[in-house]
Amino acid sequence: MALMTRSTIELPVTVDDYRIARYAAAAIALTVAEAALPSPLPGIKPGLANIIVLVVLARYGWRDAAWVSLLRVVAGSLVIGQFLAPGFFLALAGALCSLAVLALAQHLPPRFFGPVSASVLAAFAHIGGQLLLARVWLVPHDGVFYLLPLFATAALVFGAINGLVAARLLAAPVAANPALKGAS
Amino acid sequence: MKHSVPDGLRDLLAQAAGVGHAPWRTLLKPGDWVLLLAAGVLVATSYPLLWRGGKADRAIVKRDGQVVTELALNVARRYEVTGAIGTTLIEIQPGRARVLSDPGPRQYCVQQGWLTRANAVAICAPNHVTLQLSGRSGQNGAYDTLNY
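For the record, the sequence lines run as chains A and B.
Here this note's numbering is used: position 65 in the first sequence is 65, and no number is missing along the way.
Here this note's numbering is used: position 24 in the second sequence is 24, and no number is missing along the way.
By construction, these hints were calculated from the structure, which means they are not laboratory data.
By construction, the Cβ of each residue, glycine as well, lies at the ideal position given by its N, Cα and C atoms.
Among the clues, some could well be false.
Said to hold, decoys possible - Between beta-carbon pairs, the in silico distance windows are:
| # | chain 1 | residue 1 | chain 2 | residue 2 | range |
| --- | --- | --- | --- | --- | --- |
| 1 | B | Pro105 | A | Ala85 | 52 to 62 angstroms |
| 2 | B | Val41 | A | His141 | 20 to 30 angstroms |
| 3 | A | His141 | B | Ala14 | 27 to 37 angstroms |
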């Protein structure tokens, strides 16, 4: 009997991978925690995981933020059993639009604009993406836009709060902040 | 007693209490304030913009399902329709309309009072007369279907 050769595939894991995985794990944990919260209207959620995305964006740039955001959407939906359900596609559409807006928003002059601006803009992009997908795919009727004021209000409030939390985490000294030290 | 709290938890509690943190208002830069204000104004204006769809601007009077007349709701006036058993009197005022009097025995359409929303309808069945309001978004903008 011939000896079987070991066929372990070694994927080189970089420091970047560890860091992204750590932040994504934090974002997924927030997604799962948030799924337990009751919501007055489907689609209105605080979006706490976006705090992590904002922190990553400010610390490590857009590429890492995009990884964390998309890993959060995919893995988070797997954990809460929403993968490939309508909610998953809505979250994905929202995340993609947010990332597109954040790609532009990160070029705002940092002297005048902080994480709160990025957060609010991303939150509006998020509901925009979700509503557009809902209009095209789930509710092929302009009636969905009647909900726009409610969604926009939620985006403004939660976007501002998430942005403030992100700004506070970013302003905190890293040493006093073990959870967010990342790969350092 | 002190050692009964794990280090990580103590750090977390200290952090929750705001140890070593900047006050909240310093986290907002001037541009953030401007953006928040602009977004707030935008959101506030979206409410009346999107939710006034129910406003009526025309009254449609029908007899036996046939349109007798269409009246604009911007001037006060009265209109008489002769139906199957007599004359129905319709009163128009700016933004609203009602059936003022009707020969029907039960007076349902009169008791309905003023109609203000688009697609609201008062039906004087014995006299075969209906009064319906219509909004800016066409015949049945606010509803997919209406059945009587």
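Outcome of the hint check:
Judged by the Cβ atoms, the range 52 to 62 angstroms given for proline 105 of chain B and alanine 85 of chain A holds: they are separated by roughly 56 angstroms. Taking 20 to 30 angstroms as the suggested C-beta distance range, the pair valine 41 of chain B and histidine 141 of chain A conforms, at roughly 28 angstroms. Between histidine 141 of chain A and alanine 14 of chain B the beta carbon distance is about 52 angstroms. The supplied range of 27 to 37 angstroms is therefore violated.
In this structure, only the earlier hint numbered 3 is contradicted, and the remaining ones agree with it.
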